[in-house]
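Enquirer: Here are the chains, one letter per residue:
Number of protein chains: 2
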Amino acid sequence: MQKIWYGNSFRLGVLGGGQLGRMLIQEAINLNVKVHCLDPDKQAPCSELATTFTVGSLNDFETVYAFGKDKDVITVEIENVSIEALEKLESEGKKVFPQPRVLKLIKDKGLQKQFYADNNIPTAPFRLISNQSELNSHLDFLPFAQKMRTGGYDGKGVKIIKDADVFTTGFDVPSVLEKFVPFQKELAVMVSRNERGELAVFPSVECEFNAEANLVEFLFSPAAISTEIEQKAEEIAKDIIVKLDMVGVLAVEFFLTQDNQLLVNEIAPRPHNSGHQTIECNTTSQYEQHLRSVLNLPLGNTALIQPGVMINLLGENGYEGEVVYEGLEEALSIPGVKPHIYGKEITKSFRKMGHITVVNKDLEEAKVIGRKVQQLIKVKSK
Amino acid sequence: MQKIWYGNSFRLGVLGGGQLGRMLIQEAINLNVKVHCLDPDKQAPCSELATTFTVGSLNDFETVYAFGKDKDVITVEIENVSIEALEKLESEGKKVFPQPRVLKLIKDKGLQKQFYADNNIPTAPFRLISNQSELNSHLDFLPFAQKMRTGGYDGKGVKIIKDADVFTTGFDVPSVLEKFVPFQKELAVMVSRNERGELAVFPSVECEFNAEANLVEFLFSPAAISTEIEQKAEEIAKDIIVKLDMVGVLAVEFFLTQDNQLLVNEIAPRPHNSGHQTIECNTTSQYEQHLRSVLNLPLGNTALIQPGVMINLLGENGYEGEVVYEGLEEALSIPGVKPHIYGKEITKSFRKMGHITVVNKDLEEAKVIGRKVQQLIKVKSK
Chain A
117 MQKIWYGNSF RLGVLGGGQL GRMLIQEAIN LNVKVHCLDP DKQAPCSELA
167 TTFTVGSLND FETVYAFGKD KDVITVEIEN VSIEALEKLE SEGKKVFPQP
217 RVLKLIKDKG LQKQFYADNN IPTAPFRLIS NQSELNSHLD FLPFAQKMRT
267 GGYDGKGVKI IKDADVFTTG FDVPSVLEKF VPFQKELAVM VSRNERGELA
317 VFPSVECEFN AEANLVEFLF SPAAISTEIE QKAEEIAKDI IVKLDMVGVL
367 AVEFFLTQDN QLLVNEIAPR PHNSGHQTIE CNTTSQYEQH LRSVLNLPLG
417 NTALIQPGVM INLLGENGYE GEVVYEGLEE ALSIPGVKPH IYGKEITKSF
467 RKMGHITVVN KDLEEAKVIG RKVQQLIKVK SK
Chain Y
117 MQKIWYGNSF RLGVLGGGQL GRMLIQEAIN LNVKVHCLDP DKQAPCSELA
167 TTFTVGSLND FETVYAFGKD KDVITVEIEN VSIEALEKLE SEGKKVFPQP
217 RVLKLIKDKG LQKQFYADNN IPTAPFRLIS NQSELNSHLD FLPFAQKMRT
267 GGYDGKGVKI IKDADVFTTG FDVPSVLEKF VPFQKELAVM VSRNERGELA
317 VFPSVECEFN AEANLVEFLF SPAAISTEIE QKAEEIAKDI IVKLDMVGVL
367 AVEFFLTQDN QLLVNEIAPR PHNSGHQTIE CNTTSQYEQH LRSVLNLPLG
417 NTALIQPGVM INLLGENGYE GEVVYEGLEE ALSIPGVKPH IYGKEITKSF
467 RKMGHITVVN KDLEEAKVIG RKVQQLIKVK SK
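Order-wise, the sequence lines are chains A and Y. For our numbering, add 116 to where a residue sits in the first sequence, where the first one is 1. For our numbering, add 116 to where a residue sits in the second sequence, where the first one is 1.
It is possible that part of the hints are untrue.
A pair counts as met if it fits within one copy or between any two copies, since identical chains are not told apart.
Straight line, CA to CA, 20 Å or less: simulated DMTMM-like cross-link-like pairs of lysine to aspartate or glutamate [as the list claims (entries may be wrong)]:
id, residue 1, residue 2
1, Lys488, Glu250
2, Lys119, Asp375
3, Lys494, Asp188
4, Lys204, Glu369
5, Lys464, Glu438
6, Lys119, Glu461
7, Lys119, Glu203
8, Lys494, Glu206
9, Lys494, Glu445
10, Lys220, Glu178
11, Lys119, Glu446
12, Lys483, Glu203
13, Lys119, Glu438
14, Lys488, Glu446
If you're looking for bench data, these hints aren't it; they were derived computationally from the structure.
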């Protein structure tokens, strides 16, 4: 008989204590699942909410191993962790979801791209290089994006290279060069799978980026795409999680090209920024779904309840210090504005400080309100 | 300028640390409002989630006064608290919502009934008695419910008296005798008001009671009533909160008589069992609305998003000990089943251990699933 997954006798360990962990805890409260977090920042968003909160490095083998040893299931809310420690825990019989081999693959954008190529998953053409000097041998491949194979996150570690002149500014680390493909839209699909192999996929969403920060700034649910493209995106997402043989939720980001081809951009094996709106807009949220997946519970229904727009609240450029949310109270007076403030005391330029979901029966009206809210709320320092 | 209500510099104090406080905290996380609880039970549902959790008596003047002194706003999730301490805090300039005078009125069912009578609020005829022996002078009033003026809660402190033979089992304390009125339905409306006087009312719900425990067991949203009765119920609810000059959310329970008259049964000045389903079914939940009210923020939109059925998970009669939820995992496989487990380690006969909201586009289908879930989940001890 499986161990009871709720109450004090069961311990779910989460590597990372940021906003994704915080929203996971909010859902875990409903199921009375006890969440224990490890994070290097003692003031991380989960610090006051986790059943226990351990301050320590996510990349230190001993720290992660010691943290995982007394947990029943271990999961992550960030990929940049000691995979070696997770492998050891797994080899000792611990449940680690997503599995360490999946984290290893995804953490390295080169291996990730190779995985797509090997499994007939559509993605933009790519090449691998070891250092900056090799950029010169890829003049024929311009324009392209140079992506650091490891260590990039939240828009960092990516450079768009349009001509040979900017080769000098390229990263001097092992990188993927990804052919620049003109696209009409960026889409994202959240898919999940539990240990017994059940699959569930959320309807696609559409993402709009802040060009300056290279971060998702605006997200629409559902995506304005044809049923055919919707089905194709969902199929590709399911195909990836099955071929990865992965347990947990997986975010799949797509480019929809100008000729209506879907190309996989990146994947992330955890709850993701592009699934925040599921809290209000879908029967089951991505956070609840992640819990259901890693605890091997039946997966939840992913149906859309209502359209929504998600706006990331990024720290205003040039402000650093104790945070203040200008315009938040005025935004609260607008029907359907649902704030999620992450509880970070200190704001920095482009730091993710919170998000707003705007729900409305009519997506177009939600977009209008979303734009207004985006103008209204300014994340500044006191 | 008003003090900023989010972050560490603002402290919301809540008297009580039960499930209502727990769900209030879940919403407070979204707004990054720091919630500090006082409760006599060190294992209360809020104990691990509150920013600080103080163990102490809610009825002890000194304990409540000391707890409230360093808070910015004080509210309650239970009425049975030291009103004297709250009055002193209020007299010293603290914001206390609901106001102590409202708690005083509502805590005493005799004063509550008199308030309805004085303010032309429809309610069943009543009489007041001081002790059991006086029951004999009210033969002409049979059948009636005898309700203890103070101290009753969760179905305790109420007795249905149909004939003079059972006078010997009546309570020997000051009581309200309420004329038994045959009714077709029991309804409930949540209404809220902030300090600047804004009002918002949630659509009516329909309640079904467990006759044995005299507790709400089953709740449907929206209520199957005419637009005319819906409007009337909402008007009465608004009328009550305005006449009380109260800040916070207020639950108003009604009898709908066989000739379609609405009679106010009871009111409760806080989030309430009959508003649980607002978490999933309405744009704003009663918990978020309570926070918005007591923090003097704009009130949220109360529109129904989707129909729902709420089922209280009561401890099975005869079981006491470490809790186990039989059938919960099977219930999770049914689309639209949203569990809320309150985190109480010990179950007792009829103890409120959690609730399930079943959401569905079709209320009738939600009811069918709700009945099934009610049969499926048994709250027992190990």
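Enquirer: Evaluate each hint against the coordinates.
Expert: Against the structure, the hints:
1. Lys488 with Glu250: Cα proximity of Lys488 and Glu250: none, with 46 Å in one copy and 65 Å across.
2. Lys119 with Asp375: The answer is neither: 50 Å in one copy and 54 Å across copies each exceed 20 Å.
3. Lys494 with Asp188: Neither: 41 Å inside a chain and 25 Å across chains, both beyond 20 Å.
4. Lys204 with Glu369: neither (30 Å within a copy, 57 Å between copies)
5. Lys464 with Glu438: within (9 Å within a copy, 47 Å between copies)
6. Lys119 with Glu461: between (38 Å within a copy, 16 Å between copies)
7. Lys119 with Glu203: Answer is neither: 22 Å inside a copy and 49 Å across each miss the 20 Å cutoff.
8. Lys494 with Glu206: Neither. Shortest intra-copy (44 Å) and inter-copy (35 Å) distances fail the 20 Å Cα cut-off.
9. Lys494 with Glu445: within (11 Å within a copy, 43 Å between copies)
10. Lys220 with Glu178: Answer is within; shortest intra-copy Cα gap is 18 Å, inter-copy 57 Å.
11. Lys119 with Glu446: between (48 Å within a copy, 15 Å between copies)
12. Lys483 with Glu203: Neither: 44 Å inside a copy, 47 Å across copies.
13. Lys119 with Glu438: Between copies only: 15 Å across, 44 Å inside.
14. Lys488 with Glu446: within (11 Å within a copy, 44 Å between copies)
The earlier numbered hints that this structure contradicts are 1, 2, 3, 4, 7, 8 and 12.
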